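Chemist: Next come the chains, spelled out residue by residue.
There are 2 protein chains.
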Amino acid sequence: MKIPIDGVQAFVHVAELGSFNRAAEHLFITQTALTRRIQSLEAFVGLRLLDRTTRSTALSPMGRDFLPLARRIVDDLVHGLDRLRTSSRLGVGDVKIATLQSVAFRQLPLALRRYARKYPENRVQLLERSGALVTEAVHQGQAEFGIHIQQDPHPDLVEDMLMRDPFVLVCSRSHPAAKLRKMTWANLEGIDLITLGGSSGNRRIVETQLTKAGLNLRGRFVVESTPSAIALARENVGAAILPAAMNATTVTTGLIEVPLVEPVLYRTIALVCRRNETLTPAATALYAIVKTQLSRVRR
Amino acid sequence: MKIPIDGVQAFVHVAELGSFNRAAEHLFITQTALTRRIQSLEAFVGLRLLDRTTRSTALSPMGRDFLPLARRIVDDLVHGLDRLRTSSRLGVGDVKIATLQSVAFRQLPLALRRYARKYPENRVQLLERSGALVTEAVHQGQAEFGIHIQQDPHPDLVEDMLMRDPFVLVCSRSHPAAKLRKMTWANLEGIDLITLGGSSGNRRIVETQLTKAGLNLRGRFVVESTPSAIALARENVGAAILPAAMNATTVTTGLIEVPLVEPVLYRTIALVCRRNETLTPAATALYAIVKTQLSRVRR
DNA sequence: GGCGATGGTTGCGTAAAATGCAATAATCGC
DNA sequence: GCGATTATTGCATTTTACGCAACCATCGCC
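Chains as they are written, first to last, in our numbering: chain A, 138 to 436; chain B, 138 to 436.
Because the hints were derived from the structure by calculation, they are not lab data.
One copy or two, it doesn't matter: identical chains are merged, so the pair holds either way.
Here are the simulated lysine to any residue pairs, SDA-like style, with alpha carbons at most 25 Å apart:
(1) K139 with F165
(2) K139 with L206
(3) K233 with A195
(4) K139 with V215
(5) K233 with R201
(6) K428 with R301
(7) K139 with S177
(8) K233 with L206
Remember, it's a predicted structure, so these values are computed and weren't measured experimentally.
Produce the complete structure using the sequences and hints provided.
Modeler: Dropping the structure here:
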């Protein structure tokens with residue numbers, strides 16, 4: 138019992154154009170085929186929808202009743218499918234992604250600019266989260282994919298490494314550490330530290346390392362975001378332990394960046410999305426741009 | 138570029154049941170065929186709508202977007218077609234017909250009773266008109282068919298004769314004419330006549346004949362409807378010229394009916410509908426009942 | 001950690017449906 | 001009446017859908 142959708146479509150066209158021939162043209166089929174479609178439809182429903190003489194065509198009363206519904210169905214179908222098709226061809230649509238706040242304001246803008254130029258129609262919504270909240274947003278489906286710090290892999294999620302970002306000590310030119318070529322974690326002893334706190338993912342990594350180095354001190358200043366940490370360092374109230382990828386700040390703010398070694402500690406930034414879920418074309422496109430863009434960032 | 142409606146339907150079922158196997162069952166096809174339908178649809182739109190692993194099936198983001206629309210389309214289509222089908226099988230639906238007022242209150246009730254018993258769901262609307270207004274109502278599509286007095290055939294309409302209804306003289310028992318076996322038109326001279334006026338179709342016929350008989354008199358009383366004419370005759374203010382089919386009145390009201398001869402004048406009652414237009418099943422059914430019912434009325 | 005059960009996919013032959021061409025039929029306008 | 005226009009039908013052909021069987025991947029279990 139197949140659905141005679143072609144018949145319905147044919148019916149709508151004939152009803153609107155008042156002629157089999159013209160309708161056939163519009164549908165790019167022969168008028169013969171059109172007749173057959175109408176016949177199938179009428180056979181299917183068991184009544185005549187179009188009263189046709191050899192000279193003209195008109196709706197029967199039942200056809201008149203059916204036309205509005207038929208028209209709506211066909212329109213919905215054609216437009217709906219069309220929308221899907223164009224979205225697949227052009228990557229049209231809205232995207233929602235979750236990202237670390239630090240990445241959002243540092244590396245992402247460039248990627249978003251490229252994306253915006255390539256797909257001027259599309260909108261992007263950023264969910265700026267810290268630490269595990271990015272992962273959570275992706276997991277719960279609030280975002281199509283996320284940019285987060287790589288962690289114990291969750292079975293429902295897939296990660297895709299973007300870059301390994303070493304931690305450095307950021308301080309003002311006049312800070313005692315500013316003259317060093319590098320700095321060991323052990324030597325941090327006695328230095329006033331500005332660290333990231335809150336639910337930051339960096340926090341977990343850094344504190345683990347500090348403890349390992351025998352420094353049980355938490356930072357003297359604990360802030361919630363990178364921009365605040367930099368502002369404090371600029372005031373020379375201490376030295377901030379930050380990911381190197383934040384380093385553009387050193388250029389624009391005149392701060393010094395000293396590599397932290399023994400060991401070099403990284404945070405690994407990765408793209409994350411749900412396993413076995415196909416992204417929307419718009420998301421796929423953004424994903425690709427973010428990936429090439431962020432993995433080519435100098436380290 | 139055929140519309141993959143089967144794919145859309147399959148998609149909806151899979152999305153709702155969460156399983157290819159179950160969806161296939163519901164659609165009474167093999168699961169293989171179902172896979173193919175989904176594949177066609179996805180190929181058509183160019184993107185994945187269902188993310189399926191070997192163990193489970195879920196909507197992709199695009200699929201989620203598309204589902205509501207798809208569901209509506211499929212529902213509309215199935216229900217719409219189904220409604221047409223059942224209406225064709227059972228003659229379901231409303232009917233609007235135009236009829237002479239005289240027929241409406243005299244012959245039609247019986248036919249409508251039969252119709253109502255056969256199709257208890259259906260509603261019937263009567264447009265009671267006189268004379269040419271019945272024809273007009275049909276012609277303009279206000280009624281699916283009509284019961285009118287046959288006349289010059291209009292090219293857009295088709296008539297279907299029901300009965301020939303002779304005119305008679307109706308008068309009270311005490312009226313001078315009540316004793317006659319028959320009455321010629323010429324002999325009407327000097328009798329006070331009750332005739333139908335207004336836009337009545339009878340009026341035209343009767344007046345033509347009166348003129349032909351040399352009686353230029355219009356009726357002494359001219360009324361607009363048969364019931365009024367009968368009421369006047371009952372009061373013995375004159376004799377009414379009426380179609381014989383109205384004769385039930387003689388039984389219930391004690392009036393006498395005298396055939397009018399030389400010539401016997403008929404009004405021909407006919408069904409009328411638009412040429413080349415298929416009636417709705419409901420109308421077809423009513424048409425048939427009216428036809429058998431009214432043509433078997435005794436003359 | 002192999003193994004059966006479950007669930008989706010693919011190869012291929014067959015059946016069904018849609019299509020187009022050519023011929024036919026019916027009607028309109030001249 | 002006759003040519004022009006419009007819908008329908010016969011028939012051959014192409015296209016599509018379908019089902020079976022084999023296959024592949026994963027889950028859960030012993």
